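Order-wise, the sequence lines are chains E, F and C. Residue numbering for the first sequence is 325 to 810, as defined by the numbering used here. Residue numbering for the second sequence is 609 to 864, as defined by the numbering used here. Residue numbering for the third sequence is -9 to 303, as defined by the numbering used here.
Please keep in mind that the hints were generated in silico from the structure rather than gathered at the bench. Among the hints, a few may not be true.
[Claimed, not checked] Okay, derived cross-link-like pairs now, DSSO-like style, lysine-lysine, Cα gap no bigger than 30 Å in a straight line:
1. F:Lys659 x F:Lys785
2. F:Lys684 x C:Lys196
3. C:Lys98 x E:Lys449
4. F:Lys680 x C:Lys98
5. F:Lys666 x C:Lys98
[Said to hold, decoys possible] If you anchor each label on the Cβ, the simulated ranges turn out as follows:
6. E:Lys639 x C:Lys196: 20 to 30 Å
7. F:Gln792 x C:Arg41: 35 to 45 Å
8. C:Arg41 x E:Ser445: 12 to 22 Å
9. C:Glu68 x E:Gln644: 37 to 47 Å
10. F:Ile721 x E:Arg654: 48 to 58 Å
11. F:Leu839 x E:Arg647: 36 to 46 Å
12. E:Leu635 x F:Thr836: 50 to 60 Å
13. C:Trp64 x E:Lys709: 55 to 65 Å
14. F:Leu739 x C:Leu245: 19 to 29 Å
15. F:Lys684 x E:Pro541: 52 to 62 Å
Since this is a predicted model, take the numbers as computed values, not measurements. Cβ atoms here follow ideal geometry from the backbone N, Cα and C, with glycine treated the same way.
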Amino acid sequence: MITKIKILGILIGIFASHQLLEAKQIGSETQLDWFVQAERFLRMDDPSIQRVIVGCLIMGVSCGLIGSYVVTRRLSLFGDTLSHAILPGIAVGFIWSGTKDNYSIFVGAMIAGFLGVSCLSVLKKFTKINGDSSLGIVLSAFYAFGICLLTRIQKVGYSDQAGLDSFMFGQISSFSTQDLCGQFFTLLLIGLFIFFNYRQLLVSGFDFQFSRSIGIPSELLQYGLWILISFCVISSLQMVGVILVSAMLVIPAATASLISKRMNTYLTLASILGAIAGFVGAFLSFLGKNLPTGPLIVLVAGSFFALVLFLQPQKGILFQWLRLRSENSRIAIENTLKAAFQILESRDFQETEISSQEMMRKRGLSSAEVQRETLNLINAGLATKSTLFTEDTQLLPQTNLTLTPKGWEYSCKIVRNHRLWELYLTNEAEYEPDHVHEDAEKIEHVIGEKTVRKLEKLLKNPRTDPHGKLIPSMTDIQQGHFSLKS
Amino acid sequence: MRDYSLPIEIHDLTVSYQKRPVLYGVDLEIEEGSLVGVLGPNGAGKSTLIKTVMNMIKPNGGYVKIFGKSPKEGIKRIGYIPQRESIDWDFPVTVFDVVLMGRYGHHRWLGRIGKEDRRKANECLEQVSMLPYADRPIGNLSGGQQQRVFLARALAQESAVYLMDEPFAGVDAVTEKAIVSILQGMKNQGKTLVVVHHDLSSAKEYFDQLLLLNMRKVAFGPIAEVYTHELLQKTYGGKLTVLSEMATETARNSHA
Amino acid sequence: MHFIPSFDFERIFLQPWSGSELVAWNGQVILMGLLVCWASGIIGTFIVVRRMALMGDAISHGILPGLVIAYLLWGSLEIGPMLIGACTAGMACSFCIEWLNQNSSLKKDASMAIVFTTFFALGVTLINLQTGHLDIDTECILYGEIGLTPLAPKLIFMGIELGNRSLWTIGVIFILIVLTICVFYRQLLLTSFDAILAQSFGWPVKGIHFALMLLLALCTVASLEAVGVILVVAMLIFPCVTASFFFKRLPVILLCTFPLGVLYTFGGFHLAHWLDCSIAAAMVIAASSVFLIALIISPQTRIGRFFYRQKTL
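With the rest of the complex left out, here is chain E:
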């Protein structure tokens, strides 16, 4: 776990510094400009910049925390619907107060959110409309109403309407102390809610019915979550905007879910990722001459997600792909070794050299494929090669391979596992003995030492398999293959 955080930290560090470097390198005359801007931002002298930095950190943490519950309870699209549905509330709040007064906008948004959720419940209770479709209905209907009001406001020409545009995609330049207070208040509420209800949330999220049956007020908790989602959405509006705020709820939490499944690490990671995305996004928008912050923050969060998805050690897609390749090559090597053992066995272990012709026949492969396999064995130190040149120019030079002691040990192990497993299946599981498993993708290639011990004990250390073939024991392996000569 710690190593994973370290690696993630290093990756983030690289990413962040790369961004800074890039910011420095682009353009020649603007180079000084960007660098100056970056410095200004990072030095945090300006109180407005201080506000912005604190604001985006807080927003990131709130979204990450509440987002964890959104993702685990499959409310991602609900979050999206809610964020669109509050638009009319904002417009009405604005009209009511005549200014971009946060308080009335907040109240308006809350009421709109509440109405939206009520509509969803009504649709669910009274109609047979599918969940997805009801979300779409509420989303677009409320949003349309909001747009109608907004375009009306534009026509009527209220004085402070420029501020409204920032609600669409976020704009840090219009970030005020009031916004900061709102965000802080939201974070406090969210933190307290989670702190006091941690266990109950865990149980009700996992199994709603069960939690109700043991007396947890799951319905109330659900409503509480919805209210907090609304709070979070509204307080993040100034930074990310209405359209993309649902992305902030989902993406950091989803990234965290790839890394950890335990709730407390999950919450922590989601908050950290959210905070960093917010910070870097705000920083980038500051550099780019006041580009809207929302899309940039979302893009940063999205890149983190992609990074983790692909490059996460062990679980990342890239690593899975590499592991699959190495596993396939391991299986190929083991098949060759098994074939080698069987060839030697058929000759009663008299000679130690195996010609490529014999291998081709045994494995049913072409000459080129056998050459490749031989090379793999040699590279792994499991065999050595000797080439025999014949005088007859018709015949191709033969390649003979000899197993090294390491190769011998490995091949014995493979054969032993295979034959023990077959014996087990035949005796204990009444398997048909004529199912010959030459195919390497079967279970026997992944049996570990512990399981082999168990099998040997279970079958009482047998010496022969169902076909009467020898099952090599540990002593045979140690003494080398000459000991098996009869």
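Given chain E, work out where chains F and C should sit, using these hints.
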């Protein structure tokens, strides 16, 4: 060697899900005109077997042949009745529409659905005693009625082989008797029927042959031979759980 | 408060049709609205019965970066590259969602939310980096400007000037959609209802799904100028769910799109004239009102049953 193809031939079938084997080395040969019940505990792989034959799941080893052809080709000759949970009952279609869908496979891509098809659909509805409900939306039906509609659709397909996944689950007694007699009738017409069943006691009456399944084939044959205490014990409990434990452990080891 | 203008019947309903120039202008606007409603309604019905309503939302957001990148590569706002770019982006969006759902531990809803918001964010960022060079502004993306339809450039096809480009685009796509539905009705019906049966007939279920997504992307692009990305979702969903309150057979529901489209367009147009607001938003409000009325008077819903004597089934 045989000079005719079996309706269903399965050899050494191995299917795993997330590195854990669900079916391991299953061999099966089903003759034409059989009425086979498939029994086994939960998670034994019964539905998986049906779905693999229907080419919905790719096996990790072994093969399935339907009348000698690969599943992709062969499923055109199979009528499949899935579990009821997998259907969207709010879809805006009537009972007749659903049964008519069974006839779609008989025509080319853009061929017309004609009077003959409609006649056949009505005939099949009559067979399952659902003709009065032909114009009813499918959402307004009871469990037993829903099952009958899907049976009618399968009949309309006029397939040679029928695979059914728990057709008697959640169905009233009257419908159950009705379906059983229809199945018997189909068998007498020479159809091959393979039915996943959940109830041990009724299995004895309903089917001619039984397949006992628990990750691998425990037994297959006529009721008299297979429906024994010893074999049922083997299927539903006992030694075979060791095999699944070991398999799970090896799957876990391979992750390390 | 001057917020809600006075309700003057003559001004709202008669004035737009009073002079020949006005009729020509508003006629084009109405035609655009009708075609958008009809095309989206038909495709949307299949989207809704396949339980993919929000996929429509996702794709309509996802096409945005495609539009901008097409502009960047082609250097102009020609309709051909726009369509290609948007469809590619829409397909990519749909593909990424499926891929993410299958190859990670994320569920469908989270995959959708991540992919389409990221795509959309990318599109908006690219637009903003190009301000001054690009004729698409973010407001147009969000709710379109159907009232400016007559101002669209003329379409020139093989040297012949055909007329209003936007109308031609949506018109062709509408006809394409209607033809596809008529010819392939059986295929669409079966793959929507029971894909397994369709597969057992040997039908290309995935291909049909892909074709449907392609039509959806085309429809969204063509409607973009008129109603924007978010309101097109309404046009996809509302006709089907409204009609479902009264009719229970798919062909009838599809046919209902036409009268509903007329209601939405004319209702929205005159509502916008009254309130002097965005026409697209007014159209959606009209659609919601029709939906609400249908909800209340329908015999299918529990509210509706208060108004009807209960008939035994």
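Practice item. Check each numbered hint from earlier against the structure, then list the numbers of those it violates in ascending order. Key: none
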